[in-house]
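**Q** Given next are the chains, with one letter for each unit.
There are 2 protein chains.
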Amino acid sequence: MTYMLDEIYEQPEVINSLMPQWLEDIAPLAEEVRCRDIRFVYVAARGSSDHAAVYCKYALEIRNKLSVALANPSAFTLYDSAPRFTSDTLVIGISQSGAGPDVVEVVRKARADGALTACIVNTPHSALAAVSEFVLRLGLGREKSVAATKTYTSSIAMAALLSSALSSDVIASQKDIAAAIQAMESALNLDKAAAEAAKQMADMKECIVLARGFNQATALEAALKLIETCYIGARAYSGADFRHGPVAQVEAGLPCLLFAPSGSTFNSMLDLGGRVLEGGAKLICISDDTRLLGLSETPIRVAQSVPDWVSPLVYAVPAQLFACRLALNRGLDPDAPRGLNKVTMTV
Amino acid sequence: MTYMLDEIYEQPEVINSLMPQWLEDIAPLAEEVRCRDIRFVYVAARGSSDHAAVYCKYALEIRNKLSVALANPSAFTLYDSAPRFTSDTLVIGISQSGAGPDVVEVVRKARADGALTACIVNTPHSALAAVSEFVLRLGLGREKSVAATKTYTSSIAMAALLSSALSSDVIASQKDIAAAIQAMESALNLDKAAAEAAKQMADMKECIVLARGFNQATALEAALKLIETCYIGARAYSGADFRHGPVAQVEAGLPCLLFAPSGSTFNSMLDLGGRVLEGGAKLICISDDTRLLGLSETPIRVAQSVPDWVSPLVYAVPAQLFACRLALNRGLDPDAPRGLNKVTMTV
Chain A
1 MTYMLDEIYE
11 QPEVINSLMP
21 QWLEDIAPLA
31 EEVRCRDIRF
41 VYVAARGSSD
51 HAAVYCKYAL
61 EIRNKLSVAL
71 ANPSAFTLYD
81 SAPRFTSDTL
91 VIGISQSGAG
101 PDVVEVVRKA
111 RADGALTACI
121 VNTPHSALAA
131 VSEFVLRLGL
141 GREKSVAATK
151 TYTSSIAMAA
161 LLSSALSSDV
171 IASQKDIAAA
181 IQAMESALNL
191 DKAAAEAAKQ
201 MADMKECIVL
211 ARGFNQATAL
221 EAALKLIETC
231 YIGARAYSGA
241 DFRHGPVAQV
251 EAGLPCLLFA
261 PSGSTFNSML
271 DLGGRVLEGG
281 AKLICISDDT
291 RLLGLSETPI
301 RVAQSVPDWV
311 SPLVYAVPAQ
321 LFACRLALNR
331 GLDPDAPRGL
341 NKVTMTV
Chain B
348 MTYMLDEIYE
358 QPEVINSLMP
368 QWLEDIAPLA
378 EEVRCRDIRF
388 VYVAARGSSD
398 HAAVYCKYAL
408 EIRNKLSVAL
418 ANPSAFTLYD
428 SAPRFTSDTL
438 VIGISQSGAG
448 PDVVEVVRKA
458 RADGALTACI
468 VNTPHSALAA
478 VSEFVLRLGL
488 GREKSVAATK
498 TYTSSIAMAA
508 LLSSALSSDV
518 IASQKDIAAA
528 IQAMESALNL
538 DKAAAEAAKQ
548 MADMKECIVL
558 ARGFNQATAL
568 EAALKLIETC
578 YIGARAYSGA
588 DFRHGPVAQV
598 EAGLPCLLFA
608 PSGSTFNSML
618 DLGGRVLEGG
628 AKLICISDDT
638 RLLGLSETPI
648 RVAQSVPDWV
658 SPLVYAVPAQ
668 LFACRLALNR
678 GLDPDAPRGL
688 NKVTMTV
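Here the protein sequences line up with chains A and B, keeping their order. Each residue of the first sequence is one higher than the one before, counting from 1 in the numbering used here. Each residue of the second sequence is one higher than the one before, counting from 348 in the numbering used here.
Now the stretches of chain A that chain B is said to cover, found in silico as 3 or more residues with beta-carbon under 8 Å:
| # | stretch |
| --- | --- |
| 1 | 44 to 55 |
| 2 | 59 to 71 |
| 3 | 262 to 271 |
| 4 | 339 to 347 |
Derived from the structure by calculation, the hints contain no laboratory data. The beta carbon of each residue, even a glycine, is placed where N, CA and C say it ideally should be.
One chain only, chain A, in its complex shape (with noise of 0.2 Å):
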């Protein structure tokens, strides 16, 4: 078919039969981390790996109580003026490529300050790589599609195993991500309902994707997945922010996505799909509780529920899946969207 659904269809078993050697990896980087008494994290990566970034925000913060910033690459290329790192701040790097000058010049810098610097990256050799004192390598082979799925999602399951192996119970938390990579095996059977729901938004133009928390990431990267696929104007918010003025933009057949499983957030999920609805938007609720599910006539319903922090490697895969069918159906081809190369290189 495409390169796309195979490597969706990949993601699963590359990460599981990948696990080990992540692990590896990421032991003398936690040791480290405990030793220097890291307290703060900044982290550069653009695309769908800034989204993984988001991720290793929430997950950072949450699990192991450490502030975590997101890097603007454009202050230490276009201002030539970045922040001054400490030996107590961890810096990470995410790039498929590990070629963009903009995030390998955030990692050069903060090594030259002292900071303890780190990577993850997919191609085995790369300018990121030779800059950081430890590389996490993805080391999934060549990703095919220009659209990336298995490195976000493998970018991922690396902050997760992170998180993890700087979490006081390390061994509850290897079978949280144990649980969500078995739960991913199961969301690829979500492919019909993700074909049907594509089939019912067969003449969408634009989309809101909203989520809370965790997902936040997952929203991000079904908006980017449904751009770059199938050109459609999607826009990513956290459910909070939405209220803030987007809410605003909601009318009658505005098609939304709500990525909401159960734990934490739900309430807040259930409650926004209420409100969106009221609106007149169509919801398309991608979730593992019934009552949200309920409120949608596009529901895809998740089959297993995972702990909170570990969803988002389950719910990125439906998330691709619908992308994906939706771009099939259009006749267009999701592993070479227009104007896009695999390698950007932005400073």
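Model the placement of chain B on the given structure of chain A, informed by the hints.
**A** Okay, now just chain B, sitting in the frame of chain A:
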């Protein structure tokens, strides 16, 4: 006419007249930041205030070499498991009303942890002011339009003054800010050009808003104003992030607003202007440089050039005027967007 238009026009004068009071309030906070050797800053906000927070991040990182994180408040509220703050961290809440429980909770928790806390707030007595050690009051009186204008630019000015007070060259910095306020005054003359652009874009349903660096705040705020007052599907991107995927949505006739003052980011924006023009986009360029303005059939020429770091004060004005004029053309009431209240309570 409308409160929104009145309040847009008030901005240079009220900022000018309130600045001496703001400077007085900032001095003891700046003193404390120096005494405590603050190295990390954490900012919590929603909506337009969150765009002021984006500005604050650029200013404190680029000009003061601090590391700045923007809060995900759900960590503090829904997950009840937030970063552990220390005494070398400054946590700032920004809120027009000072009432939002989520922003209040971030600052309350930070203060309990022993961090230095401050807030930028307009309403004189508020929950946010009550939990903050240092209170920077805007003192603007009630903002009558639901669509924020003067509270946004005043929050930007307050952040610029804080950055200035922490810099090694206070006098030059304050001169820059004074020049920007003067340029805001002359930017009010862009009302005609904004009205003309609004006429040309009368049937605009969606648009892309692009900027880089400090004016990332302007792009986000411009998109929000267009959503709130005209219900347009506006989405803002950093010019660099845009190239990592979202650029695929560019097609013939798609309106793209570019905010591109001369300075460090200009060449990057000029290049991007050419790129989206190739894709057939309809450019609305807001700039003081004729090279970019020449690409656009709908140029909005900013007459006075100011240093890049204070330009968001100036560029906010044409953004607000364009949204307001477009709303009025459409017979919409920009003071009372559907589904919004002046105070939004989120957790």
